[in-house]
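Model the full structure from these sequences, guided by the hints.
Protein chains in written order, with the numbering used here: chain Z, 35 to 462; chain G, 29 to 778.
To be clear, the hints were calculated from the coordinates, so they are not data collected in a lab.
The beta-carbon is built from N, C-alpha and C at its ideal position, and this holds for glycine as well.
Only true hints are included.
Ranges of calculated distance between the beta carbons of each label pair, as one might list FRET restraints:
| id | chain 1 | residue 1 | chain 2 | residue 2 | range |
| --- | --- | --- | --- | --- | --- |
| 1 | G | T574 | Z | D206 | 56 to 62 Å |
| 2 | Z | Q341 | G | D369 | 34 to 40 Å |
| 3 | G | D77 | Z | D194 | 30 to 36 Å |
| 4 | G | S131 | Z | E215 | 43 to 49 Å |
| 5 | Z | N379 | G | K322 | 39 to 45 Å |
| 6 | Z | Q341 | G | D326 | 38 to 44 Å |
Below, simulated PhoX-like cross-link-like pairs (lysine-lysine); rule was C-alpha separation at most 20 Å, straight line:
| id | chain 1 | residue 1 | chain 2 | residue 2 |
| --- | --- | --- | --- | --- |
| 7 | Z | K220 | Z | K134 |
| 8 | G | K644 | G | K777 |
| 9 | G | K80 | Z | K109 |
| 10 | G | K368 | G | K331 |
| 11 | Z | K342 | Z | K90 |
| 12 | Z | K296 | Z | K237 |
| 13 | Z | K344 | G | K406 |
| 14 | Z | K109 | G | K554 |
| 15 | G | K314 | G | K212 |
| 16 | G | K406 | Z | K355 |
| 17 | G | K344 | Z | K344 |
| 18 | G | K345 | Z | K342 |
| 19 | G | K368 | G | K322 |
| 20 | Z | K344 | G | K345 |
| 21 | Z | K268 | G | K756 |
| 22 | G | K212 | G | K322 |
| 23 | G | K314 | G | K331 |
| 24 | Z | K86 | Z | K268 |
| 25 | G | K199 | G | K273 |
| 26 | Z | K342 | G | K344 |
| 27 | Z | K459 | G | K169 |
| 28 | G | K189 | Z | K459 |
| 29 | Z | K204 | G | K41 |
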Amino acid sequence: MSEIVATNQTILVVGGGISGMTAAIEAAEVGKQVIVIEKRASIGGRVSQLYKYFPKLCFPTCGLEINQRRMNANKNITVVTMAEVTGLQGEAGNYTATVKISPRYVNANCTACGACGDAVESEFDNEFNYNMDKRKGAYLPYNLAQPQRYVIDPQMIGTDDAQKAKDACKFDAVDLDMQEETIELKAGAVIYATGWRPYDANKIQPYGYDRIDNVITSVEFERMMDPFGPTGGKIQRPSDGAEAKNVAFIQCAGSRDRNYLKHCSRICCMASLKQTTYVSEQFGDDADVSVYYIDIRAIDRFDDFYQKVKDNENVKFVKSKVANIVENKENGNPTLHGVDTEGYNRYANEHDLVVLAVGMEPSVDKDTFPVEIKVNDEGFIEHDEANGGVFAAGCSSDALDVNRAVQHATASALRAIQVVNRVAKAEG
Amino acid sequence: MADEMKIGAYICKGCGIGDRLDAGQLETTATRDGKAAICQQHDFLCNEDGVKMIQADIDNEGVNRVVIAGCSRRAKTEAFAFENVTLHRANLREGVIWVRPDSDDQQETTQEMADDYIRMACAEAKYSKIPESSGQQGVNKNILIVGGGVGGMTAALEASKAGYPCGIVEKSETLGGATAQLHKVIPTSAPFADPAENPVDALVAAVEADDNITVYLNSTTTNISGAPGRFAADISTESGATQTKEFGAIVQASGFTPYDANQLPEFAYGKNKDVVTQLELEALAKAANGGAIKRPSDGKEVKSVVFVQCAGQRSKKEGHLEHCSGYCCSASIKQAMYFKDQNADVDTTIMYTDLRTPGAGGENFYRSGQKKGVTFTKSVVNEVVDGANPTVKFKDLILNEEAEVEADLVVLATGMVPNSGQPTRAELTIAENEDAAAEKAGEEVEIRVDVESILNLDYRQGKDVPHMANGFADSHFICFPYETQRTGIYTAGPTRRPMDAKQAMDDAMGAAMRAIGEAENAGLGKAAHPRSGDLSFPSFRKEGCTQCKRCTVECPFGAINEDEEGYPVYNESRCRRCGTCMGACPVRVISFENYSVDTVGQQLKAVDIPDEFEEKPRILVLACENDAYPALDMAAQNKLEYSAFTRIIPVRCLGSTSLSWITDSMNSGFDGIVLMGCPSGDNYQCHFVKGSGTAQERMSKVGDTLESLSLEKERVQTHEISITDIHKVPQIINDMADTIEQIGMSPFKF
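Below, the structure written as structure tokens:
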């Protein structure tokens with residue numbers, strides 16, 4: 035990795051999801067040197083795990099393909115995957131970042147021919163599918179993964195299978211001796227596009243995510259829809275693989291709640307409305323969907339989408355914060371208990387499957403930022419002069435949907451450019 | 029030297045290609061049929077050694093057309109990034125060996141597939157030129173900002189900070205826009221508990237102090253011509269004085285017009301003076317200046333106030349707004365605080381159906397409102413009855429009962445109507461404007477609309493940026509929110525989507541970034557998204573042009589104007605290089621250096637067509653390079669098989685498909701043609717907006733052509749393909765193969 039050239043006119047982008055990619059492309063396409071540090075083995079972040087986008091119901095990989103092509107074609111961008119920023123020192127115009135790079139055990143020779151994957155048998159939890167299925171120990175994270183390069187699971191190192199992977203490769207791409215590396219990079223400005231993670235549903239004890247098979251999260255539901263996902267694109271109950279036509283969505287699962295996340299995660303209403311269309315798409319008139327909500331926050335032009343879903347007779351809306359979920363032991367159905375606040379009626383409703391619209395929390399814990407930075411109670415980075423040349427992009431700044439994250443990341447690129455242009459001017 | 033074409037073909041034997049295919053045969057095909065001057069085989073072409081081998085031929089042997097026969101054009105792009113050559117890929121991996129079974133009885137047809145792809149890549153090479161800049165580029169990098177509200181000012185200040193001079197054109201006599209009318213604004217930083225200081229004064233002071241920013245007050249843009257890098261804007265004052273200034277790119281931050289509450293007689297607006305809009309309450313709050321807010325009718329201190337959310341919004345009633353304006357919930361909370369912060373005893377009630385305060389800031393502000401004692405009632409307001417005190421009649425949705433309440437003041441949360449100017453010619457339906465029909469017939473008509481233009485673009489397709497639902501400026505909404513259909517013009521703030529001041533400022537900063545990006549790239553002759561960096565541009569052969577105007581009408585980006593004689597005038601930096609104009613041209617005179625009627629047409633002619641009795645049909649697939657082609661690649665990655673008789677050619681957009689490709693391939697003996705483009709319509713997925721839709725419209729008429737050739741219409745099929753249709757694409761191809769088996773081979777074989 036010693037070939038990476040970085041100066042104090044370089045823009046360091048931490049995180050290669052949609053926000054990081056956008057910021058990197060915007061800066062690089064006006065001639066700035068950009069280094070993208072991505073924790074995972076491929077760029078694309080959470081959007082690569084989504085089936086469709088609201089409100090257009092188009093596919094995230096479509097835009098991802100364009101962004102990846104723009105990145106690949108741009109010589110100003112260097113992407114470092116499986117890497118994390120562990121330290122950041124300095125000030126605007128003069129930062130030094132410490133970057134830890136985990137071994138991929140596959141080098142740039144890889145052609146993604148798939149021979150290593152064919153050769154090995156060991157399987158591990160598939161994090162791309164939120165561990166709902168297994169993947170091989172030598173794998174491409176998903177179809178559109180960039181860099182288009184295999185990964186060897188560290189758990190396989192030292193086993194016969196690892197050797198099999200190495201032997202299967204005709205291009206000397208498998209390097210089982212690869213070691214963790216730590217490098218230092220100069221940068222003039224740093225963009226934190228570290229994104230979000232789904233709130234840990236286990237913490238919402240009354241909903242029994244950890245105890246009831248047929249209670250899943252919204253992000254898992256997205257993976258279920260992917261034809262290459264854990265159920266081959268079928269909406270199924272985890273308990274018995276039966277078709278789940280009667281599906282309940284619980285809004286604000288972990289959001290807008292003092293016990294969990296105080297904030298509104300913004301995206302979950304639209305995400306659930308979108309997911310109701312998945313059920314209708316698969317089961318037509320047999321679909322029986324209920325959305326339990328506090329407020330439906332389908333703001334601005336998204337309201338059209340809400341109206342359309344409301345017009346679907348197979349989708350009911352119940353204004354209620356669900357109190358708890360109990361499993362019907364006989365059929366595995368989760369039973370939702372609560373009060374419908376419109377009229378104050380108690381209910382005990384049984385469903386085939388329950389989807390928790392889990393909230394967004396920032397990926398980086400606010401106490402672990404490697405640099406002094408203004409972070410609010412919710413853990414999001416605030417825009418503040420005191421942050422110097424460090425700028426948030428996308429969901430590290432607030433709970434945002436994709437178009438707002440991209441919008442924010444575009445602005446962040448300009449903030450970073452202002453800093454490096456100042457440096458360039460000073461240096462003549 | 030550049031004119032002397034020299035093809036170097038390089039055959040990779042890695043990834044199983046060498047095991048599955050006869051590389052010697054491929055080499056013979058490349059040199060004999062493809063006329064490659066040099067052909068070399070390599071076991072591992074994308075590694076350092078392979079790349080060096082190719083580079084050496086470029087440097088020493090004068091190779092300037094490089095044909096890589098190996099993996100897909102989407103793979104190993106960084107390795108094969110040669111300069112000053114054209115690059116062509118024969119897709120032997122994803123296009124051949126991964127989609128065909130590895131068995132002896134299939135070997136012959138698999139090899140034929142590969143041989144054809146070599147011929148096709150060489151044919152493309154032969155008819156491609158290295159893109160050179162047109163020499164048209166303007167290098168002006170100043171940013172024109174239309175609108176001097178908080179968005180416009182922010183765009184100017186931030187662009188200036190990055191070193192780009194800006195001009196702000198503001199229609200009124202002062203900067204500040206709608207935000208200037210606000211007493212305070214929704215908070216923008218933690219703890220999001222109280223209304224925040226209005227940023228207008230600070231912004232105005234900063235703009236005035238910035239030597240890089242020129243402000244044109246009382247002014248509008250009365251004409252904008254040119255293209256990114258060389259826009260010429262006529263900036264005119266009300267009195268008519270006009271000056272022309274040059275700019276590189278444009279940010280349109282023209283804001284919104286408050287919804288006209290006179291359209292809400294059911295809420296007694298206009299009848300009862302104590303029924304006001306949110307904006308009118310701001311004036312009352314400003315006048316109170318921290319003291320008790322007094323109501324308009326009698327100057328009495330307001331002791332009770334009801335906020336009616338979604339007044340004339342989220343409604344399909346005529347004259348109402350269908351959209352939610354997004355900011356009004358927070359705005360009402362802020363305004364309730366104007367009362368509560370001054371006197372906690374004032375009774376403030378917000379009547380809402382869904383309280384929409386998203387994000388960390390939104391929810392904290394809502395909570396702060398609750399803490400301050402603001403009452404939130406989930407209800408639908410049916411009527412406000414006029415009286416000494418207005419009475420609000422509503423249905424309480426929680427108690428499920430009709431109720432009413434009297435208040436000193438009623439505030440209507442009316443929404444935003446975007447200032448997005450005139451619709452384009454294409455947006456005017458025939459019903460709205462009969463001239464649109466004449467226009468379709470190719471007649472020159474004056475566009476008549478009752479909305480004033482904002483930009484006054486001197487563009488053939490209309491004076492403003494095209495609109496989408498509810499009159500907001502259109503954009504590629506999700507992944508690329510700033511990409512309008514007018515290159516180099518970026519909309520920001522409520523003209524793009526409803527939003528508050530803080531969001532408009534953030535939005536304007538992103539738009540400023542895009543404007544800077546486009547000004548820079550236009551200067552280098554590079555295309556904008558999605559073909560960023562592409563140096564090719566369309567040109568036309570004037571002698572053949574019939575001035576039919578199809579190209580100027582169909583360009584999705586309004587890039588092409590017409591000269592006095594009706595010939596197209598290409599504006600390179602307005603062009604996105606999709607080739608829709610090329611597909612539109614009935615006389616085939618439009619081409620790009622490296623993408624033309626010939627670069628594709630010669631490929632399909634290069635395909636070897638076995639005679640009818642060999643029972644080897646040929647299926648041509650024209651696949652959009654953005655979605656269908658990746659889907660085909662991913663099908664291959666998953667080893668999904670499709671017919672060995674398939675020959676796939678990626679196209680920049682299905683909109684670039686020339687009808688001549690269809691007739692030529694039919695005439696040369698292809699048995700079936702499958703066209704794969706992106707989903708079109710309101711929720712279009714086409715990165716060129718209308719390309720795929722236009723193509724589908726054109727192809728719907730192809731049946732007549734087939735009929736004239738006495739061919740079955742099933743032989744040409746158009747499909748909408750998303751990038752995720754990985755299982756569907758091989759199926760479509762195989763279905764076509766079945767269809768051909770049923771209807772028989774084409775009679776047009778030689």
